[in-house]
Amino acid sequence: DGGITQSPKYLFRKEGQNVTLSCEQNLNHDAMYWYRQDPGQGLRLIYYSQIVNDFQKGDIAEGYSVSREKKESFPLTVTSAQKNPTAFYLCASSRTGDSNQPQHFGDGTRLSIL
Amino acid sequence: QQQVKQSPQSLIVQKGGISIINCAYENTAFDYFPWYQQFPGKGPALLIAIRPDVSEKKEGRFTISFNKSAKQFSLHIMDSQPGDSATYFCAANSGGYQKVTFGTGTKLQVIP
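Just so you know, the protein sequences line up as chains A and B, in that order.
For the first sequence, the numbering used here begins at 4 and goes up steadily by one.
For the second sequence, the numbering used here begins at 4 and goes up steadily by one.
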């Protein structure tokens with residue numbers, strides 16, 4: 004089945020540590036996205052990528068970094084500069100970046116601070 | 004600021020009843036309005052979507068009503084079932100690079 008795989012499902016970060024969340028899709032989608040979900044705040048866009056080797060900051064990019072070296076992969080690094088990283092992180096993809104393309108989501112990674 | 008305001012924050016409906024969730028937006032550049040359904044511990048999944056040139060779209064028990072002049076749209080779930088218990092997000096898309104703005108979510112509980 005085609006879909007988006009996020010790993011790990013749960014992740015714990017120590018103070019001062021960078022952690023990387025994995026996102027892989029086999030839908031052959033061009034566009035990929037990272038969202039952060041906090042209770043009562045909906046989904047907020049961290050980064051998005053329309054094409055390999057290109058990505059753009061979203062609304063809350065500070066303290067995060069991404070790469071897009073392969074079409075199917077879009078890993079997110081939560082750096083030590085992100086002071087409040089505890090959240091549910093969702094990766095999504097769409098066939099293209101056109102506005103009428105629905106986004107398909109993975110099942111998320113829950114990040115907590117040790 | 005691009006915002007999508009969603010209400011209510013939570014909703015309890017009896018089995019067989021109608022669940023209604025409302026959203027309002029300000030930016031007239033939005034041109035695609037999807038609704039997503041999210042179960043605990045899972046990612047959101049597209050439920051139904053509408054474009055602003057259509058006033059209503061129905062898929063099974065789910066209907067979107069769209070009022071372009073009022074800049075409002077709503078999700079109606081007919082004959083609500085316990086399996087519909089989930090969090091529902093409205094969203095609005097705009098721009099060539101699919102800038103998606105999500106509502107804050109409505110937690111629906113359908114009681115037997």
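Don't read these hints as lab results, they were simulated from the structure.
Some hints could be false.
Said to hold, decoys possible - Derived Cβ-Cβ restraints for the label pairs, each shown as a range:
| id | chain 1 | residue 1 | chain 2 | residue 2 | range |
| --- | --- | --- | --- | --- | --- |
| 1 | A | Asp62 | B | Gly19 | 38 to 44 Å |
| 2 | A | Ser10 | B | Ile15 | 31 to 37 Å |
| 3 | A | Glu65 | B | Ser72 | 24 to 30 Å |
| 4 | B | Ile114 | A | Thr23 | 24 to 30 Å |
| 5 | B | Ser13 | A | Phe91 | 16 to 22 Å |
| 6 | B | Gly86 | A | Leu30 | 34 to 40 Å |
| 7 | B | Ser68 | A | Arg47 | 25 to 31 Å |
| 8 | B | Lys45 | A | Lys74 | 38 to 44 Å |
| 9 | A | Ser25 | B | Gln17 | 39 to 45 Å |
| 10 | A | Lys17 | B | Ser68 | 45 to 51 Å |
As the list claims (entries may be wrong) - Example chain B residues on the side facing chain A (calculated, C-beta under 10 Å, incomplete):
| id | residue |
| --- | --- |
| 11 | Gln9 |
| 12 | Pro11 |
| 13 | Phe105 |
Claimed, not checked - The list that follows gives simulated cross-link-like pairs (lysine-lysine, DSS-like), each with its CA atoms no further than 27 Å apart:
| id | chain 1 | residue 1 | chain 2 | residue 2 |
| --- | --- | --- | --- | --- |
| 14 | A | Lys60 | B | Lys8 |
| 15 | A | Lys12 | B | Lys74 |
| 16 | B | Lys60 | B | Lys74 |
| 17 | B | Lys102 | B | Lys60 |
| 18 | B | Lys74 | B | Lys61 |
| 19 | A | Lys60 | B | Lys18 |
| 20 | B | Lys18 | B | Lys74 |
| 21 | A | Lys74 | B | Lys71 |
| 22 | B | Lys61 | B | Lys110 |
| 23 | B | Lys60 | A | Lys86 |
| 24 | B | Lys61 | B | Lys18 |
| 25 | A | Lys74 | A | Lys60 |
| 26 | A | Lys73 | B | Lys18 |
| 27 | A | Lys12 | B | Lys110 |
| 28 | A | Lys17 | B | Lys60 |
| 29 | B | Lys45 | A | Lys73 |
| 30 | B | Lys45 | A | Lys60 |
| 31 | A | Lys74 | B | Lys102 |
| 32 | B | Lys45 | B | Lys71 |
| 33 | B | Lys61 | A | Lys86 |
| 34 | B | Lys60 | B | Lys71 |
| 35 | A | Lys12 | A | Lys86 |
Here the structure is a predicted model, which is why all the values come from computation and not from measurement.
Yeah, the Cβ is synthetic: ideal placement off N, Cα and C, and Gly gets one too.
Taking the hints in turn, this is what the structure says about them:
| no. | hint | verdict |
| --- | --- | --- |
| 1 | A:Asp62 to B:Gly19: 38 to 44 Å | 40 Å, holds |
| 2 | A:Ser10 to B:Ile15: 31 to 37 Å | 35 Å, holds |
| 3 | A:Glu65 to B:Ser72: 24 to 30 Å | 38 Å, violated |
| 4 | B:Ile114 to A:Thr23: 24 to 30 Å | 42 Å, violated |
| 5 | B:Ser13 to A:Phe91: 16 to 22 Å | 18 Å, holds |
| 6 | B:Gly86 to A:Leu30: 34 to 40 Å | 26 Å, violated |
| 7 | B:Ser68 to A:Arg47: 25 to 31 Å | 27 Å, holds |
| 8 | B:Lys45 to A:Lys74: 38 to 44 Å | 25 Å, violated |
| 9 | A:Ser25 to B:Gln17: 39 to 45 Å | 42 Å, holds |
| 10 | A:Lys17 to B:Ser68: 45 to 51 Å | 49 Å, holds |
| 11 | Gln9 | 8 Å, holds |
| 12 | Pro11 | 13 Å, violated |
| 13 | Phe105 | 4 Å, holds |
| 14 | A:Lys60 to B:Lys8 | 23 Å, holds |
| 15 | A:Lys12 to B:Lys74 | 38 Å, violated |
| 16 | B:Lys60 to B:Lys74 | 16 Å, holds |
| 17 | B:Lys102 to B:Lys60 | 23 Å, holds |
| 18 | B:Lys74 to B:Lys61 | 19 Å, holds |
| 19 | A:Lys60 to B:Lys18 | 43 Å, violated |
| 20 | B:Lys18 to B:Lys74 | 30 Å, violated |
| 21 | A:Lys74 to B:Lys71 | 37 Å, violated |
| 22 | B:Lys61 to B:Lys110 | 21 Å, holds |
| 23 | B:Lys60 to A:Lys86 | 43 Å, violated |
| 24 | B:Lys61 to B:Lys18 | 20 Å, holds |
| 25 | A:Lys74 to A:Lys60 | 18 Å, holds |
| 26 | A:Lys73 to B:Lys18 | 46 Å, violated |
| 27 | A:Lys12 to B:Lys110 | 22 Å, holds |
| 28 | A:Lys17 to B:Lys60 | 48 Å, violated |
| 29 | B:Lys45 to A:Lys73 | 25 Å, holds |
| 30 | B:Lys45 to A:Lys60 | 25 Å, holds |
| 31 | A:Lys74 to B:Lys102 | 20 Å, holds |
| 32 | B:Lys45 to B:Lys71 | 32 Å, violated |
| 33 | B:Lys61 to A:Lys86 | 44 Å, violated |
| 34 | B:Lys60 to B:Lys71 | 14 Å, holds |
| 35 | A:Lys12 to A:Lys86 | 21 Å, holds |
In this structure, the hints that do not hold are numbers 3, 4, 6, 8, 12, 15, 19, 20, 21, 23, 26, 28, 32 and 33, in rising order.
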